[in-house]
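Participant: Chain residues, written in single-letter form:
Number of protein chains: 2
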Amino acid sequence: MSKLKNDLFLRACRKEKTERTPVWVMRQAGRYLPEYRAVRSKADFLTMCKTPELATEVTVQPVDLMGVDAAIIFSDILVIPEAMGMHLEMEEGRGPVFHNPVRDEESAKKLRKIDPVKDLGYVMQALRQTKETLNGRVPLIGFSGSPWTLLTYMVEGKGSKTFSIIKNFIYNQPKLAHKILKEISESVSAYLSAQIEAGADAVQVFDTWGGILSPADFSEFDLPYIEMVIDGIKRKKQPVIVFAKGTHYALKKLSKSGADVVGLDWTMDIKKARKEIGDRVALQGNLDPTVLYASQDKIKEEVKGVLKHYGHGSGHIFNLGHGIHPDTDPENLKALVKFVKEESVKYHKD
Amino acid sequence: MSKLKNDLFLRACRKEKTERTPVWVMRQAGRYLPEYRAVRSKADFLTMCKTPELATEVTVQPVDLMGVDAAIIFSDILVIPEAMGMHLEMEEGRGPVFHNPVRDEESAKKLRKIDPVKDLGYVMQALRQTKETLNGRVPLIGFSGSPWTLLTYMVEGKGSKTFSIIKNFIYNQPKLAHKILKEISESVSAYLSAQIEAGADAVQVFDTWGGILSPADFSEFDLPYIEMVIDGIKRKKQPVIVFAKGTHYALKKLSKSGADVVGLDWTMDIKKARKEIGDRVALQGNLDPTVLYASQDKIKEEVKGVLKHYGHGSGHIFNLGHGIHPDTDPENLKALVKFVKEESVKYHKD
Numbered sequence: 001m002s003k004l005k006n007d008l009f010l011r012a013c014r015k016e017k018t019e020r021t022p023v024w025v026m027r028q029a030g031r032y033l034p035e036y037r038a039v040r041s042k043a044d045f046l047t048m049c050k051t052p053e054l055a056t057e058v059t060v061q062p063v064d065l066m067g068v069d070a071a072i073i074f075s076d077i078l079v080i081p082e083a084m085g086m087h088l089e090m091e092e093g094r095g096p097v098f099h100n101p102v103r104d105e106e107s108a109k110k111l112r113k114i115d116p117v118k119d120l121g122y123v124m125q126a127l128r129q130t131k132e133t134l135n136g137r138v139p140l141i142g143f144s145g146s147p148w149t150l151l152t153y154m155v156e157g158k159g160s161k162t163f164s165i166i167k168n169f170i171y172n173q174p175k176l177a178h179k180i181l182k183e184i185s186e187s188v189s190a191y192l193s194a195q196i197e198a199g200a201d202a203v204q205v206f207d208t209w210g211g212i213l214s215p216a217d218f219s220e221f222d223l224p225y226i227e228m229v230i231d232g233i234k235r236k237k238q239p240v241i242v243f244a245k246g247t248h249y250a251l252k253k254l255s256k257s258g259a260d261v262v263g264l265d266w267t268m269d270i271k272k273a274r275k276e277i278g279d280r281v282a283l284q285g286n287l288d289p290t291v292l293y294a295s296q297d298k299i300k301e302e303v304k305g306v307l308k309h310y311g312h313g314s315g316h317i318f319n320l321g322h323g324i325h326p327d328t329d330p331e332n333l334k335a336l337v338k339f340v341k342e343e344s345v346k347y348h349k350d
Numbered sequence: 001m002s003k004l005k006n007d008l009f010l011r012a013c014r015k016e017k018t019e020r021t022p023v024w025v026m027r028q029a030g031r032y033l034p035e036y037r038a039v040r041s042k043a044d045f046l047t048m049c050k051t052p053e054l055a056t057e058v059t060v061q062p063v064d065l066m067g068v069d070a071a072i073i074f075s076d077i078l079v080i081p082e083a084m085g086m087h088l089e090m091e092e093g094r095g096p097v098f099h100n101p102v103r104d105e106e107s108a109k110k111l112r113k114i115d116p117v118k119d120l121g122y123v124m125q126a127l128r129q130t131k132e133t134l135n136g137r138v139p140l141i142g143f144s145g146s147p148w149t150l151l152t153y154m155v156e157g158k159g160s161k162t163f164s165i166i167k168n169f170i171y172n173q174p175k176l177a178h179k180i181l182k183e184i185s186e187s188v189s190a191y192l193s194a195q196i197e198a199g200a201d202a203v204q205v206f207d208t209w210g211g212i213l214s215p216a217d218f219s220e221f222d223l224p225y226i227e228m229v230i231d232g233i234k235r236k237k238q239p240v241i242v243f244a245k246g247t248h249y250a251l252k253k254l255s256k257s258g259a260d261v262v263g264l265d266w267t268m269d270i271k272k273a274r275k276e277i278g279d280r281v282a283l284q285g286n287l288d289p290t291v292l293y294a295s296q297d298k299i300k301e302e303v304k305g306v307l308k309h310y311g312h313g314s315g316h317i318f319n320l321g322h323g324i325h326p327d328t329d330p331e332n333l334k335a336l337v338k339f340v341k342e343e344s345v346k347y348h349k350d
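Chains as they are written, first to last, in this note's numbering: chain A, 1 to 350; chain B, 1 to 350.
No lab work stands behind these hints, which were simulated from the structure alone.
Any given hint could turn out to be false.
No distinction is drawn between identical chains; accordingly, a pair holds when it is met within one copy or between any pair of copies.
Stated by the list, open to error - Straight-line Cα separation of at most 30 Å, DSBU-like style, residue types lysine-lysine; simulated pairs: (1) Lys118 x Lys308; (2) Lys253 x Lys275; (3) Lys346 x Lys234; (4) Lys110 x Lys15; (5) Lys300 x Lys182; (6) Lys182 x Lys298; (7) Lys253 x Lys272; (8) Lys5 x Lys182; (9) Lys113 x Lys275; (10) Lys300 x Lys179; (11) Lys253 x Lys300; (12) Lys161 x Lys349; (13) Lys109 x Lys334; (14) Lys334 x Lys175; (15) Lys182 x Lys234; (16) Lys298 x Lys109; (17) Lys158 x Lys110; (18) Lys272 x Lys113; (19) Lys298 x Lys338; (20) Lys338 x Lys175; (21) Lys256 x Lys275; (22) Lys15 x Lys253.
Build out the structure end to end from the sequences listed, making use of the hints.
Facilitator: Structure follows, in structure tokens:
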């Protein structure tokens with residue numbers, strides 16, 4: 001840790017004093033960057049995930065090109081179900097597909113507990129290699145999908161608009177759902193622990209599909225497993241961030257989940273959120289990613305708005321409220337990063 | 001009005017005393033019903049909208065078959081952009097498409113203000129015919145998309161995951177966006193007024209895409225036009241319902257929009273919502289539609305939960321928190337309606 005030249009992000013996660021607000025953005029290693037697309041043109045998505053050299057290259061790109069204060073390892077949340085024994089395919093234009101989804105006792109039996117070092121060694125290797133390449137410039141974030149989000153993909157088999165199959169599953173086979181969620185949780189904990197062991201300075205749990213649940217179902221099928229995961233992570237001072245998109249109703253509960261940082265999507269009022277849970281956790285977020293389609297004047301105004309709404313003092317990591325869209329102009333993200341760096345200083349003076 | 005045999009829905013909209021909680025569900029005239037599919041197999045979707053006999057037939061089906069306390073006219077929100085001059089096509093499996101979306105001054109100029117009676121006479125005819133067929137059994141609801149939701153479709157041209165085009169549009173051509181929103185608002189007011197004139201006992205404004213906006217953008221591009229629409233409706237005692245999905249942050253504002261009823265999606269806590277705005281408006285909602293995939297025991301339990309959370313007294317219209325899914329078993333909706341009727345009585349005793 002002491003070797004980090006820029007540890008603003010980590011200090012902000014722990015609500016320690018910083019000179020300015022750190023900034024990174026979700027999906028920063030992604031398609032909006034021509035340099036990313038150049039790598040992607042030579043290898044498919046999963047090959048990139050599984051080739052540490054390529055994963056390292058695209059992970060470091062936004063640090064070099066955009067000036068963000070943290071790197072997040074390039075990978076995919078579905079490597080876990082794959083390591084648990086499911087056959088993952090990425091179909092061009094359709095996204096990830098499991099041709100043999102989990103829907104009953106029979107298919108659930110085929111899932112195995114993962115040995116992250118053995119099964120997901122390529123992720124660990126990418127983390128080590130990225131750490132080396134970063135050479136202390138900024139911290140490196142590891143991540144995983146939440147158990148609920150992974151189960152959703154594993155049961156649906158592919159993207160969905162209505163999520164009929166997973167909802168059907170939890171209402172009609174709740175015991176089996178809980179059983180698998182517990183198994184996934186153990187695998188996710190082991191996976192995140194191994195990422196920390198391999199050099200991750202912080203880890204983020206992405207709960208992409210929490211928002212399809214009613215508050216009551218979130219409390220039954222999602223939150224307990226986020227808590228179980230966090231509880232099971234072997235870590236020293238490495239912070240845990242939880243980002244559960246669309247779960248406005250669960251803010252307080254997430255702040256008590258054991259996470260150090262709660263991510264906010266762009267529909268949340270960061271001022272209200274700080275008032276409600278800011279004494280307990282740091283907050284990450286939450287500019288609407290589509291603001292990056294606007295002029296740089298407008299982007300600056302919006303950046304100032306988020307900083308002002310969070311207000312004085314530490315505990316804020318600037319981010320978007322959702323992953324950056326592929327059709328974003330990189331120059332606008334670069335400008336955003338610059339604006340955060342410039343405009344946030346005044347909120348950190350005594 | 002006096003001729004209605006069952007006016008529970010209308011009384012609940014006005015927060016007047018009722019003997020039990022009325023119930024209807026969004027998309028109740030829809031694909032989940034075999035009787036609907038039988039009609040649909042003989043005519044495409046738009047033909048059904050434009051043929052008063054067919055629209056009447058499917059509008060009345062859920063009253064006959066499910067026992068709901070209100071009918072909602074079978075139509076589509078996109079008939080307005082079509083009447084404004086856009087060419088609407090329904091592509092099988094892809095949904096509605098405008099091949100010439102509105103993106104600039106040039107294409108915006110082609111939009112014309114509608115004369116609802118002339119341009120959308122088929123909707124008015126369907127309303128009159130449905131009123132006749134219903135013969136006072138239950139009230140009839142008319143509806144429209146909100147200006148923001150209609151603009152989203154008109155600019156995107158089709159469904160979207162990221163809504164890049166509409167966001168780009170409002171950030172880079174805000175003046176044009178406001179100009180079109182104002183024009184749409186006038187058309188929507190005129191349309192809903194004409195629906196009331198043709199016999200609608202209440203009207204609902206569907207704001208399907210409010211939730212893609214940040215709170216600030218919702219206040220700029222969406223809410224003012226919902227207010228403008230409501231303000232412009234010529235009505236006597238006919239209640240206005242507003243349902244803005246995913247706008248948890250705007251509850252209080254919607255309750256001051258001039259609407260008599262605010263619809264809640266399934267992520268909202270109806271108990272909290274009643275505490276916050278229940279003195280001002282009635283509430284409609286908000287069971288998670290996927291609960292209908294569960295067993296009838298579970299459905300009953302969930303119905304009891306929503307009723308209990310709303311609590312004693314009038315001002316609640318039971319509904320789902322989103323349209324019913326096409327793969328729902330009609331028997332389960334029938335059971336839901338029965339449960340609401342039975343279980344709600346005790347909440348309306350003095």
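Participant: Is it within a copy, between copies, both, or neither that the alpha carbon of Lys110 lies no farther than 30 Å from that of Lys15?
Facilitator: Close neither inside one copy (43 Å) nor across copies (55 Å); limit 30 Å.
Participant: Between Lys272 and Lys113, at a C-alpha cutoff of 30 Å, which is it: within one copy, between copies, both, or neither?
Facilitator: neither (40 Å within a copy, 41 Å between copies)
Participant: I want to check one pair: Lys298 and Lys338. Are their C-alpha atoms no more than 30 Å apart within a copy, between two copies, both, or neither?
Facilitator: within (14 Å within a copy, 53 Å between copies)
Participant: With identical chains treated as interchangeable, where does the CA-CA distance between Lys300 and Lys179 reach 30 Å or less: within a copy, between copies, both, or neither?
Facilitator: Between copies, since 25 Å is at most 30 Å while 47 Å is not.
Participant: My question is about Lys118 and Lys308: at a cut-off of 30 Å on alpha-carbon distance, are they close within one copy, between copies, both, or neither?
Facilitator: neither (46 Å within a copy, 51 Å between copies)
Participant: When Cα atoms must be at most 30 Å apart, do Lys109 and Lys334 count as within-copy, between-copy, both, or neither?
Facilitator: neither (47 Å within a copy, 36 Å between copies)
Participant: With identical chains, the pair Lys182 and Lys234 could be close in the same copy or across copies; at 30 Å between alpha carbons, which is it: within, between, both, or neither?
Facilitator: Cα proximity of Lys182 and Lys234: one copy only (17 Å, versus 57 Å across).
Participant: Are the CA atoms of Lys113 and Lys275 at most 30 Å apart within a copy, between copies, both, or neither?
Facilitator: For Lys113 and Lys275, neither the intra-copy (40 Å) nor the inter-copy (46 Å) Cα distance is at most 30 Å.
Participant: With identical chains treated as interchangeable, where does the CA-CA distance between Lys334 and Lys175 reach 30 Å or less: within a copy, between copies, both, or neither?
Facilitator: Intra 48 Å, inter 27 Å, cutoff 30 Å: inter-copy only.
Participant: Please sort Lys298 with Lys109 into within, between, both or neither, judging by C-alpha distance up to 30 Å.
Facilitator: between (53 Å within a copy, 27 Å between copies)
Participant: At most 30 Å between CA atoms: does that hold for Lys158 and Lys110 within a copy, between copies, both, or neither?
Facilitator: Answer is within; shortest intra-copy Cα gap is 19 Å, inter-copy 40 Å.
Participant: Classify it for me, Lys5 with Lys182: is the Cα-Cα distance of at most 30 Å met within a copy, between copies, both or neither?
Facilitator: This pair counts as neither: shortest intra-copy Cα distance 39 Å, inter-copy 53 Å.
Consistency with the previously given hints fails for numbers 1, 3, 4, 8, 9, 12, 13, 18, ordered from lowest to highest.
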